[in-house]
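*Asks:* In case you want the letters, here they are:
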Amino acid sequence: MEHLTYFKVENFKRFESFEMDDIGQFNLILGDNNVGKTSVLEALLFDEDISKFIQNLGVVIYHVKNFKTFNGSYLDYFLNREGYQKHLTFYISESNFFTIQKEGDKWFYRNLPIVRRSVVTKLINAPARVLAEPEKIYLYRPNSEYKSISSLLSVSYISVFQSYDEDLISFYSSYIQTSKLQKRNLIESLRAIIPTVENIEVSTGEFLQPTLLIVRSDKDSVIPLAVFGEGSIKMFRILCEIVKNKGNRVMIDEIDAGIHFSRMKLFWKTILKAAKDNEVQLFITTHNEECLRYFKEALEEEDMVPLQKDARCFTLEEIKNGQVKAYKTGFEGFQHAIDMNINIRGGKVYG
Amino acid sequence: MDRPVLIFVEGDGDELFIKKYLEFLSLPVVEIVATGGFKKLSSEVVRNRFFANTDAGGINLVIFDADRDTNDGGFEKRKNHLTGQKADLKLEFELFLFPNHQEDGEFENLLEKIIADKNRFVLDCFDTYLSCLQTRNSEYKDLNLPPVKSKMYSYWDVLPKSRSQKEAFKNKGERFYHDPNFFDLNHPYLEPLKSFLTKHLS
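Residue numbers (numbering that gives the first Met the number 0), protein chains in the order written: chain L, 0 to 350; chain U, 0 to 201.
Calculated from the structure, these hints are not laboratory results. Careful, some of the hints might be misleading.
List of simulated lysine-lysine pairs, DSBU-like, C-alpha gap at most 35 angstroms [to be verified]: (1) U:Lys89 x L:Lys12; (2) U:Lys85 x L:Lys7; (3) U:Lys112 x L:Lys295; (4) U:Lys112 x L:Lys347; (5) U:Lys160 x L:Lys324; (6) L:Lys327 x U:Lys198; (7) L:Lys7 x U:Lys198; (8) U:Lys85 x L:Lys182; (9) U:Lys198 x L:Lys347; (10) L:Lys327 x U:Lys112; (11) L:Lys324 x U:Lys140; (12) L:Lys218 x L:Lys319; (13) U:Lys160 x L:Lys327; (14) U:Lys193 x L:Lys347; (15) L:Lys347 x U:Lys171; (16) L:Lys295 x U:Lys193; (17) U:Lys18 x U:Lys140; (18) L:Lys12 x L:Lys179; (19) U:Lys117 x L:Lys347; (20) L:Lys347 x U:Lys89; (21) U:Lys39 x L:Lys327; (22) L:Lys324 x L:Lys245; (23) U:Lys171 x L:Lys295; (24) L:Lys275 x U:Lys39; (25) U:Lys38 x L:Lys272; (26) U:Lys112 x L:Lys319; (27) U:Lys160 x L:Lys319; (28) L:Lys347 x U:Lys85.
Computed from a prediction, not measured in an experiment: that's the story for all the values here.
If we strip away everything but chain U, and leave its shape as in the complex, we get (with noise of 0.2 angstroms):
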């Protein structure tokens, strides 16, 4: 890596896998810049932190949501607007959108693919509440259905966890992607973005 590099992804959960997987890769932890979502591009603090890493020479990074129709996104959708973003706003960056750069999906939904193996039954689990709770809403119309975010948070939480673990988990925002009883980072479906850090980053 001859050039800065900086990264930008929409929260702190996502900034936290990046860096977590940085490290897993043997590749160099860069400045990570949690922009709070796809729409804050536009916003002059985030826009001058492109500016600033290109005017030094460096590389930028985006590592965004695909999402989905549902959410006025999508992977072909999503990556039109951000490339029009992108000269609309003269910024210049390379461009990697989750779950793996070709479907629509959010980056909770690449952890879902890459969970431990033995620990599937936990999504399952949470998939049949959800189906269930989904049942009923026709007669309770006003039921609070649980967000994608809100399963993978059931998978961290209802694993078991050393004491430290859970004190970590609570209070340090820990999330174990170390951690083969959590999740397998050496996942065929973290290719695309592998390829993408290490071309990058190597």
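Extracted from the complex, chain L is given alone in its bound form (with noise of 0.2 angstroms):
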């Protein structure tokens, strides 16, 4: 997958149309609450493969709402309210886009080879249901059983409500511990945190539940990961979808949460430099004025400043008609903004 460097989308959530430009490699997402950073992350979900992006949806869904339930289609979930549109659009390019319509009760979607077209219009249509299940995304059909369409791991979405759960052990377990390359690529990574980490297990052993193991090379005898503390689980997952997603792109929510700040700039340094090993694009939102401090000064360290051309700041902005706008700033910008407390993070400050 091609980083993006142009994303549209209409008609999504709040959103009657937000746009963003010279998207970069690291993208941090600001703004004051309420203003959509969120939707812009599960926005940039969108697949152009319709199936994986339902998928997508339906996880996002059980992240953010985590719903037992939720009748209708995904689709109807994330279509703004507000306006008259009844249809999703989304741009990858200015040219380059696909639509999906909803005519009456349904939803369509054109731009496929009719013999495919069935099933997604199907698919798109049947009333969803989330279950709260920890790991399965479930569509129900009618007149038939559950269905599971997708697993929780599958998507590349850090939401700020995940922590050290059982997802984290099925993730690895999944994902990094079955690629000798993707596993090299996560010790040397989390060494930054943990220096002499030598290599990652799991374990059932003399614990309970499955339980992620860190072997170092200093010590005789493993210890648990969830012992190194919030911060260092927060990074191991975010390294795992980094290696995971080689050569495409991760959404972060709320990135600091749960990272201490004495932690900060080793943290950015260390996934800026795994995203830029692994090619992965990143899009972040934080509302921390000490977070944006440190991913400066991550990005200011002698062997950091080339990763610097990559680095943008999107503010949203609420502009008239409750219409909204990212403006951007690159690198040079963002530093002059944090030397001289110019508010870059959005909404209005007074004295």
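Taking the hints as your guide, dock the two standalone chains into a single complex.
*Replies:* Now the structure itself:
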């Protein structure tokens, strides 16, 4: 998958139309509460494979709402309710876009070979139910059983709610442990926070539940990942996603949650380097001023300077008629904002 | 004020003064952006602040120094430069230049005019000190002559202060603009600035 340099979405959640241009490899998405930062991450889960896209949206509903049930098509949940337009359109360049149209009560997606069209039409119109089981999203089909359509693990989206849950162990077992190369990449990156890490194992052994264990070169005993604290767990999850999604994009909501400020610079350096090495495009939201300052400081370190040209900051602002516009700032402008304490996080600041 | 107003100034000192002066005038204390100097008008992040406020239907106010010909400024020259930048960068704003939107000078020159009358001697003493140094400059060519900013600093520094005022001055950046023992915010020299702010913020 080529990295996005342009993205526009129409009629998606609060956006009638929302556009980002000159997108880089490392993108911060900033803005006031309820301006739509998380919605941007969700919209970026679009996939030209419509069935994959529907699955991604199902997973988002699970993360965001933790719905026991959701009646109606997943697409209904994401359609802008304010406007009169009944279509969702995603642009990956100004001339390359795809549209899913709602006519009456039905959704249609026509840019497909006829042989797949009926299958996809059924999929996007099926009443969906998200069941609160740990790892699966189910699609309810009338006169049929609940059918698993997706795994929570399959989506390159890290919600603010995710911590050391069973899904992290499953994720590691399913996607990282099975590939020597990916495992080696992960361990390399993890050394930034656990310098002597030699191996990662999944063990039941003396533990009641499957547990991620860290093997260190300077110690004889192994130690559960959870012992290293919330920041290390978060880093582990992000690095797993980056390694697994080599060449693709990863969306991370409120990246600073659970990270102590003293670790933030190292945290950023590790993530940015891993993303560079794995050619992963990052879209990251945060509200945290310190987090932004450490993003700048991480990229100012000598070995990180070449990455500055790939950094972008998009500040979302509500403009006239409730529309939302993204204002892009490159790294030089971002530095200036942080150094001069110019508000780049959006919203209004009153004395 | 039915449109959001954003004020752009050059530095932190100007920001603090405008904030205190808005409070004094009982005008809304709106967001003030310290840009880092008139050359930073073209900075991407500063331009974005202009655009976002304009897109939201707001008004931008620029309050910069006129400066002097010694630092490539002067009221007319700086006004023309900024008006040119406004057009080139497609910015929308209303402009006011310190000290009084007529004369050459800086923010500090405005402060010099509005100090409490009884303290005028402090600045006179400073001028005498500076003149004396200048007479010796031919002898000692590398003398570090104090800039205009240090004149005002010495004004704040030398005047008697309570213990809490000393603490606030040193550690919290307090500059006593509201205190009539230091400044006269009713001074007629402030009228042009008052009119400019009142027009856009009432």
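*Asks:* Output the numbers, in ascending order, of every earlier hint that fails for this structure.
*Replies:* 3, 5, 7, 8, 10, 11, 12, 13, 16, 17, 18, 19, 26, 27
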